[in-house]
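Go ahead and model the full structure; you've got the sequences and the hints to work with.
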Amino acid sequence: MKKFRLLACLSLTMIFLLSVSIISISSLSAEEGEKVLKMSTTTSTDNTGLLDVLAPELMKDTGIELKWIAVGTGKALEMGKNCDVDVLLVHAPDAEKKFVKEGFGRNRKELMYNDFIIIGPKSDPAGVKNKKVRNALQIISKKKAKFASRGDKSGTHQLELKLWKESKINAPDKEDWYIQTGQGMLQTINIAAERDAYTITDRGTYIKYEANMKGNPPLVILVEKDKALFNQYSAIEVNPSKCPKVNNALAKQYIKWMASKKAQKMIGDFKLMEKPLFTPNAK
Amino acid sequence: MEYLIEGFLNAFHLLFTGDEETYSAVFTTVHVSSMSIIISLIIGLPAGFILGYYEFTGKKQIRAVVDTLLALPTVVVGLLVYAFVTRKGPLGDFNLLFEVSGIIVGQVLLILPIVISLSATAIESLDERLKNTLITLGARGNTIIISSLYEARFAIMAAAVNAYSRAISEVGVSMMIGGNIKWHTRTITTAIALETGKGQFAMGIALGIVLLAIGFFVNWVLIFFKKRA
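The listed protein sequences correspond, in order, to chains A and B. Its first residue numbered 1, the first sequence is counted upward by one per residue in our numbering. Its first residue numbered 284, the second sequence is counted upward by one per residue in our numbering.
Each hint should be verified, as a subset may be incorrect.
Said to hold, decoys possible - No farther apart than 35 angstroms at their CA atoms in a straight line, the calculated lysine-lysine pairs in the DSBU-like style are these:
(1) A:K97 to B:K465
(2) A:K75 to B:K371
(3) A:K109 to A:K275
(4) A:K242 to B:K465
(5) A:K162 to B:K465
(6) A:K101 to B:K414
(7) A:K252 to B:K465
(8) A:K132 to A:K227
(9) A:K67 to B:K343
(10) B:K465 to A:K265
(11) A:K162 to B:K371
(12) B:K465 to A:K283
(13) B:K371 to A:K252
(14) A:K67 to A:K144
(15) A:K81 to B:K371
(16) B:K465 to A:K35
(17) A:K98 to B:K371
Said to hold, decoys possible - Coverage of chain B stretches by chain A, computed from C-beta distances (three or more under 8 angstroms per stretch; other residues unrestricted):
(18) 363-374
(19) 461-473
Derived from the structure by calculation, the hints contain no laboratory data. Just so it is clear, CB atoms sit at the ideal spot from N, CA and C, and this is done for glycine as well.
The structure is reproduced here in structure tokens:
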């Protein structure tokens, strides 16, 4: 009996060590000589599942293995400045243009768009339904209705700050009703739902949220279809003259593929609950 | 309550159907923390032995530093390692950021103090007569180290289990250095943090179960060996 237990224990340990070494060997060989492209991107392209659909096709067509890090656009741009990624897929046109102008990036290419919406509790306590976006923000701040903000310099957050400014309101910061989450879009929507707050989101992520909630979400669309809410996504190469170690050839190839007819069609065909999340518009 | 039950049911579904995404995170975790513990033991055991066995000036001070590092916050390790391995940083050429290898470096820094401190304590608490006996019997150099470590084996195994548990359960280093990249650097803990935030409990629960199971298994091995002795 004792011998048997010793044997069982030894073999378990052996299996464990063996599997560890196999895993490490296989992962090492996978990293050698393969075409790996590192991309920093906004949370919406990841949260919605769009990249999960595109990445395998990219692999098939070009052999490029896409590794993406989903953070806010602000952080994504910082990663580009630090030379930690090869390419960006982001959505904050003003910040992007500045990024390119300062020489950190080049060849910005517009790829697709959707729009931002303001969502909030079904009961709409502040009464902003169907208002213009600037008016809605004025009402929210006046009534001190709870509002969840990304608070992370993401594309959505930058737009939100711009909208406060355009509504002639000092951007809230320490106010009790203003919740700065510092997290991704889907996380922020969840926080808003828990706290019965309003928030601003891109439509793609909201549709994903709606699908997660099986079509019956506690937060509903209240403000939409305002020109100020247009949301453009673009890809940018990290400039190899600032960052000699980036893989610029793959970045170029990736952007070209994203703008190709096939990828653009896939973006347009990407639907949840029969609703399109992004509209392709590469020129 | 319904969503919780549903979460649990889905969790078991994910586990028993061999869901690729779930198991990818499990394998990454096991891979990363096993490499970290192996490296930490290789460096930490001799260091711990020296610290516990020999008397030298500055020993107390070193011991104090090592013991302080036991409480090293994972995010501080993440911050430090990030600053060094970013392509702009001094170790940028090694391409460690957003790679499994980068997480391993961070975890080694994190758990090395545990291995050193606890193994030093283990050696210190050995009977003083053992040292004399070994020397009288003609043991030299390596033999002394190995015999001492062998005598302290249970305490050292406990140190390793402790360090391993810290490695599998940490989230700061994995998130900051690994970047939580799907299929590559997403570990059990970063996946749980992400999925829960997104309001998807099933995968979080499934991964939590696996994490507990690994912890249980590792501790069970320790208990088993102790029992046999």
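Verification of the supplied hints:
1. A:K97 to B:K465: Between K97 of chain A and K465 of chain B the Cα gap is close to 29 angstroms, so the pair holds against 35 angstroms.
2. A:K75 to B:K371: Distance ~16 angstroms between K75 of chain A and K371 of chain B Cα, so the pair holds.
3. A:K109 to A:K275: 25 angstroms, holds
4. A:K242 to B:K465: With a Cα-Cα distance of about 28 angstroms, the restraint between K242 of chain A and K465 of chain B holds, given a limit of 35 angstroms.
5. A:K162 to B:K465: 32 angstroms, holds
6. A:K101 to B:K414: 69 angstroms, violated
7. A:K252 to B:K465: 23 angstroms, holds
8. A:K132 to A:K227: Roughly 10 angstroms separates the two Cα atoms, so the pair holds.
9. A:K67 to B:K343: 46 angstroms, violated
10. B:K465 to A:K265: Measuring from Cα to Cα gives roughly 24 angstroms; hence the hint holds.
11. A:K162 to B:K371: 32 angstroms, holds
12. B:K465 to A:K283: Holds. K465 of chain B to K283 of chain A sits at ~30 angstroms (cutoff 35 angstroms).
13. B:K371 to A:K252: With Cα atoms ~22 angstroms apart, K371 of chain B and K252 of chain A stay inside 35 angstroms; holds.
14. A:K67 to A:K144: Status violated; Cα separation ~41 angstroms.
15. A:K81 to B:K371: Holds, at about 9 angstroms.
16. B:K465 to A:K35: Distance of about 17 angstroms is within 35 angstroms: holds.
17. A:K98 to B:K371: With Cα atoms ~21 angstroms apart, K98 of chain A and K371 of chain B stay inside 35 angstroms; holds.
18. 363-374: holds (count 3)
19. 461-473: With 5 residues closer than 8 angstroms to chain A, the region 461-473 of chain B meets the three-residue bar; holds.
When each numbered hint is compared with the structure, violations occur for hints 6, 9 and 14.
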